[in-house]
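A.B. asks: For the record, the sequence lines run as chains A and B.
Numbering-wise, the first sequence is residues 1 to 348 according to the numbering used here.
Numbering-wise, the second sequence is residues 1 to 131 according to the numbering used here.
None of these hints come from the bench; they were simulated from the model.
Glycine is no exception: its CB is placed at the ideal position from the N, C-alpha and C atoms.
Where hints are given, some of them may not hold.
What the hints assert, rightly or not - Derived coverage of chain B by chain A (criterion: at least 3 residues anywhere in the stretch with Cβ under 8 angstroms from a Cβ of chain A; other residues may be distant):
1) 55-64
2) 76-84
Said to hold, decoys possible - Ranges between beta-carbon positions, derived for each pair:
3) D95/B x K346/A: 23 to 31 angstroms
4) R6/B x Y192/A: 24 to 32 angstroms
5) A70/A x M1/B: 25 to 33 angstroms
6) G66/A x D82/B: 18 to 26 angstroms
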Amino acid sequence: MVGIIGYGAYIPRNRIKVEEIAKVWGTDAPSYKRGLMLEEKSVPAPDQDTITMSVEASRRAIRRAGINPAEIGAAYIGSESHPYAVKPSGTVLAEALGATPECHTADLEFACKAGTECMFIALSLVEAGRIKYGLGVGADTSQGAPGDALEYSAAAGAAAFIFGKENCVAVSEETYAYMTDMPDFWRREYQYYPQHGGRFTGEPAYFTHITAAARGIMKKSGTSPKDFAYVIFHQPNGKFPFKVGQILGFNKAQIEPGWLVNKLGNTYSGSSPLGLTSTLDIAKPGDRILLVSYGSGAGSDAFIWKVTDRIDEVRDLAPKTRDILDTNKKYLEYGEYAKFRHKILKAE
Amino acid sequence: MPTPSRYWREIPQRYRYEASRCTGCGKIFFPPRLVCSACGSREFEPTKIAEAGKVMTYTVIHTPPQPFVDQAPYAMGIVELDDGVRITGQIVDCDFSELAVGKRVRLEFRRISQDGKAGVIFYGYKFVPEI
């Protein structure tokens, strides 16, 4: 049996409200809040990035896993905001955890699904018997161009999962991947902000891939929505996960524990993985959880997890995701936010 | 600003908080030393410093050295860790009005500085409030 043996979450303390951004650009905050079902988003401090958040989330995952980090045979970070263009994030992560030198590492990119890609690969290597433990992290300090719709949602956070064959907190019952070529969101080399296809990112992109992946994994496993206690879909805004859930036949109660986006924003590669951490925080032994990510470009990874008795032993060994989200918050004004996100150009 | 080679040599301390304990008298050194300043022993065993402690003293920097200009104002403190080791570091995620001697803090992995826009990014530990 292979599965998750430890998990951890990290979210920066800084927040900015939709009203604060709307005030600067002269847009109607209530309509954004209603349309996107968003209230505020997390903002990284200047000394926080994909690497620092990955290290902290992974340390929390190691605490829950109770393993010697030197036995982690692979460590992968999925992100669209790796701090270096050339130099791996994963080497810093593995070194900080004490997993080096006998460790395989790679930085992955696939818009918002790079995190579940890492989970997919690490899980598969453990299942194949190539490594004892594998670490998969989804982390981002994503950027939206000033005044763009993405600025209201692009946020920061990280989720880390350690996979192994013994002492699982959630066993992997099935995996499935669905992918096509889709120019719905991109960022070219040397460009600071991404571009996107507006409404094109919805129907043919997000909804097509997530519904196909969810139906694909349920068909492969012989399950239906009623077999799942909880489901997590990628959360680019508040509305999409509920709408795709309705299309597939899931109800609000199945979605809500992993639905963080209204207070967190879209953490890109960390989005659906963070939803899984908050769901594991409240799940009971025997619960079955469906996770379906989405990354523009485009594709969805789907996983079915079955929670074990060990969840009750480990969940309190590290901070719970909702607690991190709801405590020690600091609200920024737009000026400070613009400084933190390097939107202000200073004289050289 | 450390050179990349100096930064690299300090990775065990900056990333993993590795220290050494004198096998003669038990004193912990961070970073490790070759000779114990307390008993003169040259025998050490590897250890790690405690990852939480309390603020002994602090100050707020308003006129920082060049690599930290964009971070000003920021708090620096000397913290006595739970194993008795005292180290200096930045205290972040803490409003200045909440800084206090005796306040519980823990180590967290952060960016310390960077060598301009094109150089190496230096990572290490800072202190954050223990919640």
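A.B. asks: So, for every hint listed, does it hold in this structure?
C.D. replies: Tested hints:
no. : hint                               : result
1   : 55-64                              : violated (count 0)
2   : 76-84                              : violated (count 0)
3   : D95/B x K346/A: 23 to 31 angstroms : holds (25 angstroms)
4   : R6/B x Y192/A: 24 to 32 angstroms  : holds (31 angstroms)
5   : A70/A x M1/B: 25 to 33 angstroms   : holds (32 angstroms)
6   : G66/A x D82/B: 18 to 26 angstroms  : holds (21 angstroms)
Violation of the numbered hints given earlier is confined to hints 1 and 2; the remaining hints are satisfied by the structure.
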